[in-house]
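Colleague: Let the hints inform the model, and build the full structure from the sequences given.
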Amino acid sequence: MINSTTKHELYAIQNLIAKNTYGASIEDIMSGSGLNLELRTLQRRLKKLKEEGIIYTTGGSKSTRYHLSYSDHLVRESEQEKLIRPKREGLSISKEGEKIISYLSNPLSDRKKVGYNMEFLDTYRPNIDAYLSDADIHKLTLLGYTNSQHQPAGTHAREILNRLLIDLSWNSSRLEGNTYSLLDTQRLLELGESAEGKSLEEAQMIINHKDAIEFLVDLGEELDFKPYILLNLHALLAENLMKEQASLGRLRSMPVGIYQSAYTPLSIPQLIAAQFELILKKAMEISNPFEQAFFMMVHLPYLQPFDDVNKRTSRLAANIPLIKNNLSPVSFVEVPSMIYMQGILGVYELNQVDLLKDVFMWAYEKSALRYAAIRQTISEPDPFRTKYRDNIKNLIMKIVSENLSPNEGTNLIQSTANHLPKIDSDRFREMVEGDLLVLNEGNFARFKVSLSEFKAWKENWSRKA
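Going by my numbering, the sequence shown opens with residue 8, and the numbers climb by one from there.
Keep in mind the hints are simulated off the structure, nothing from the lab. From a predicted model like this one, the values you see are computed outputs, not experimental measurements. Don't be surprised by glycine CBs; every beta carbon is placed ideally from N, CA and C. Treat the hints with care, as some may be off.
For each label pair, taking beta carbons as the anchor points, the in silico distance ranges come out as [unchecked claim]:
1. Glu466 with Leu207: 55 to 61 angstroms
2. Tyr235 with Ala25: 28 to 34 angstroms
3. Glu415 with Thr64: 45 to 51 angstroms
4. Ala281 with Arg453: 55 to 61 angstroms
Okay, derived cross-link-like pairs now, EDC-like style, lysine to aspartate or glutamate, Cα gap no bigger than 20 angstroms in a straight line [unchecked claim]:
5. Lys462 with Glu415
6. Lys455 with Asp442
7. Lys55 with Asp35
8. Lys318 with Glu221
9. Lys405 with Glu448
10. Lys465 with Glu409
11. Lys405 with Glu466
12. Lys205 with Glu246
13. Lys465 with Glu448
14. Lys465 with Glu246
15. Lys405 with Asp442
16. Lys405 with Asp361
17. Lys318 with Glu246
18. Lys318 with Glu356
19. Lys400 with Glu415
20. Lys455 with Glu466
21. Lys465 with Asp442
22. Lys429 with Asp397
23. Lys462 with Asp433
24. Lys373 with Asp442
25. Lys318 with Asp361
26. Lys288 with Asp129
27. Lys119 with Glu58
28. Lys106 with Asp129
29. Lys462 with Glu197
30. Lys102 with Asp129
31. Lys288 with Asp136
32. Lys55 with Asp117
33. Lys405 with Glu440
34. Lys400 with Asp431
35. Lys102 with Asp361
36. Lys405 with Glu415
37. Lys102 with Asp143
38. Lys205 with Asp433
39. Lys394 with Asp442
40. Lys205 with Glu415
Modeller: This is how it looks when you write it as structure tokens:
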């Protein structure tokens, strides 16, 4: 059993190594980890981390550098248990998906170590093989239909752009562990105002998403899986978040690993480039936009073509065929981060897409319904909203009638959510923030506030500090 002091030391070492994209020397670790360890003690800690597959080394004996075995997303210590039994939050999981979760609940040491399987991509035949069934495609087509279907590429995305920028930037960043709230994100993107107590890195991540989404929408008819588009998409998402500026939009030339996974990505630069080209070639050949979208969600993270920011790139790349064909975009609304990670790990370790497909299908339905103002049918009342109807109304009434500032409002929402059952708190907070985002002169009366109260609050809420 590792004592708490040793455990703290191991995580401090990991965090220091994680900050060094090209590895950390033992001198870097001694001076930057904040630990007061003897050299031999530090060497023992590094040996243990290496034996457990958490780090790996490069270089000779005098130039050894330590690298964290992960890419894109460091899973924090407190989240390890969640990976075993992730929150479902209403997401329906198939039997095949449950089997993947069951396999991944085994200790890392009991899971088979695997490398990149070239056949996984090579054997996929566009328009002959498919990850999505005919029934899946039919459902997605009904959900994604818009009245802009025959308009120039990107018309629908431009019509909902303000909302899409906030939703997709926030949700994709949230899946990377970003702690900005939905309201924080709105103020950052619309007013340029960073949230109090949040890191510059979190703000940069969200701003990068906005820039990347606008890049895709502005391409119009040019939008496709062309290499320059994917490379620039990565560069925009990674701006100011990577140690080496030269890494932006550049294919990977260094080995990486995946933290808490038995999968080791391809490490030969020439093969990475060849597989990247093959992914884009096959994606271009696929005729159905939904199959294209999911294909990118599977194969781009699996290859890990960039030093970092691969999953973010894949989530926005999945929107390329949807934006181009004026279908409803997928903004990953309410997607549980741990289930998403399990789906990705299922692809990495088993080359099985079932759990990730469960996530994609659910995410698309949630996203499409959010942008479905043109739909002719009325959905059933949301049971969650019905359950917390009074809580939501009373909270919004208090925020508006008392003219709370954005920071005060955000804190009150968080405080209220913390008193609810844990399984409901995140969704409750998002629902209240979402209602505040769309509050206007045409719908404020349902919260029992006066016009003067609403106008005073709106002016205060929209004012740039």
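Colleague: The structure should be examined with respect to each hint, and the outcome stated for every one.
Modeller: A quick look at each hint next to the structure:
At roughly 29 angstroms, the beta carbons of Glu466 and Leu207 sit outside the given window of 55 to 61 angstroms. A hinted range of 28 to 34 angstroms for the beta carbons of Tyr235 and Ala25 is consistent with their spacing of about 30 angstroms. The hinted range of 45 to 51 angstroms is satisfied by Glu415 and Thr64, whose Cβ atoms lie roughly 50 angstroms apart. Checked against the given bound of 55 to 61 angstroms, the beta carbons of Ala281 and Arg453, roughly 58 angstroms apart, stay inside it.
This hinted pair checks out: Lys462 and Glu415 have alpha carbons roughly 18 angstroms apart, not beyond 20 angstroms. A hinted pair counts as satisfied when its Cα atoms are at most 20 angstroms apart, and Lys455 with Asp442 qualifies at roughly 14 angstroms. A threshold of 20 angstroms between alpha carbons decides the hint, and for Lys55 with Asp35 the separation of about 18 angstroms falls inside it, so the pair holds. Between Lys318 and Glu221 the alpha-carbon distance is near 18 angstroms, which keeps this suggested pair within the 20 angstroms criterion.
The suggested pairing of Lys405 with Glu448 holds, with an alpha-carbon distance near 17 angstroms, which does not exceed 20 angstroms. Under the criterion of a C-alpha separation no larger than 20 angstroms, the hint pairing Lys465 with Glu409 is consistent with the structure, at around 12 angstroms. Annotation: proposed proximity of Lys405 to Glu466 holds, straight-line Cα distance about 16 angstroms (limit 20 angstroms). Taking the CA atoms of Lys205 and Glu246, the gap is near 18 angstroms; set against the 20 angstroms cutoff, the hint holds.
Note on Lys465 and Glu448: the hinted pairing holds, with a Cα-Cα distance of about 10 angstroms set against a maximum of 20 angstroms. A distance of roughly 33 angstroms separates the Cα atoms of Lys465 and Glu246; the hinted pair therefore is violated under the 20 angstroms criterion. Under the criterion of a C-alpha separation no larger than 20 angstroms, the hint pairing Lys405 with Asp442 is consistent with the structure, at around 14 angstroms. Between Lys405 and Asp361 the CA atoms are separated by roughly 44 angstroms; this puts the pair beyond 20 angstroms, and the hint is violated.
At roughly 15 angstroms between alpha-carbon atoms, Lys318 and Glu246 fall within 20 angstroms of each other, so this suggested pair holds. Note on Lys318 and Glu356: the hinted pairing holds, with a Cα-Cα distance of about 16 angstroms set against a maximum of 20 angstroms. With a CA separation close to 17 angstroms, the supplied pair Lys400 and Glu415 stays within the 20 angstroms bound. With a C-alpha separation of about 18 angstroms, the suggested pair Lys455 and Glu466 falls inside the 20 angstroms cut-off, and the hint holds.
A hinted pair counts as satisfied when its Cα atoms are at most 20 angstroms apart, and Lys465 with Asp442 qualifies at roughly 13 angstroms. Taking the CA atoms of Lys429 and Asp397, the gap is near 18 angstroms; set against the 20 angstroms cutoff, the hint holds. Under the criterion of a C-alpha separation no larger than 20 angstroms, the hint pairing Lys462 with Asp433 is inconsistent with the structure, at around 28 angstroms. Distance hint between Lys373 and Asp442 is fulfilled; the C-alpha atoms sit about 16 angstroms from each other, no more than 20 angstroms.
With a C-alpha separation of about 18 angstroms, the suggested pair Lys318 and Asp361 falls inside the 20 angstroms cut-off, and the hint holds. The straight-line distance between the Cα atoms of Lys288 and Asp129 is roughly 11 angstroms, inside the 20 angstroms bound, and the hint therefore holds. With a C-alpha separation of about 16 angstroms, the suggested pair Lys119 and Glu58 falls inside the 20 angstroms cut-off, and the hint holds. Between Lys106 and Asp129, the direct Cα distance comes to roughly 25 angstroms. Violation of the 20 angstroms bound is thereby established for this hinted pair.
Between Lys462 and Glu197 the alpha-carbon distance is near 19 angstroms, which keeps this suggested pair within the 20 angstroms criterion. Between the alpha carbons of Lys102 and Asp129 the distance comes to roughly 27 angstroms, so the proposed pair goes past 20 angstroms and is violated. As the CA atoms of Lys288 and Asp136 are separated by approximately 15 angstroms, the hinted pair is consistent with the 20 angstroms bound. A C-alpha spacing of about 17 angstroms is found between Lys55 and Asp117, which places the hinted pair at or below 20 angstroms, so the restraint holds.
With a CA separation close to 14 angstroms, the supplied pair Lys405 and Glu440 stays within the 20 angstroms bound. For the proposed pair Lys400 and Asp431, the alpha carbon gap of about 16 angstroms is at most 20 angstroms, so the pair holds. The suggested pairing of Lys102 with Asp361 holds, with an alpha-carbon distance near 9 angstroms, which does not exceed 20 angstroms. Under the criterion of a C-alpha separation no larger than 20 angstroms, the hint pairing Lys405 with Glu415 is consistent with the structure, at around 11 angstroms.
The straight-line distance between the Cα atoms of Lys102 and Asp143 is roughly 16 angstroms, inside the 20 angstroms bound, and the hint therefore holds. Taking the CA atoms of Lys205 and Asp433, the gap is about 18 angstroms. The hint holds against a cut of 20 angstroms. Between Lys394 and Asp442 the alpha-carbon distance is near 16 angstroms, which keeps this suggested pair within the 20 angstroms criterion. About 15 angstroms separates the Cα atoms of Lys205 and Glu415, which keeps this hinted pair within 20 angstroms; it holds.
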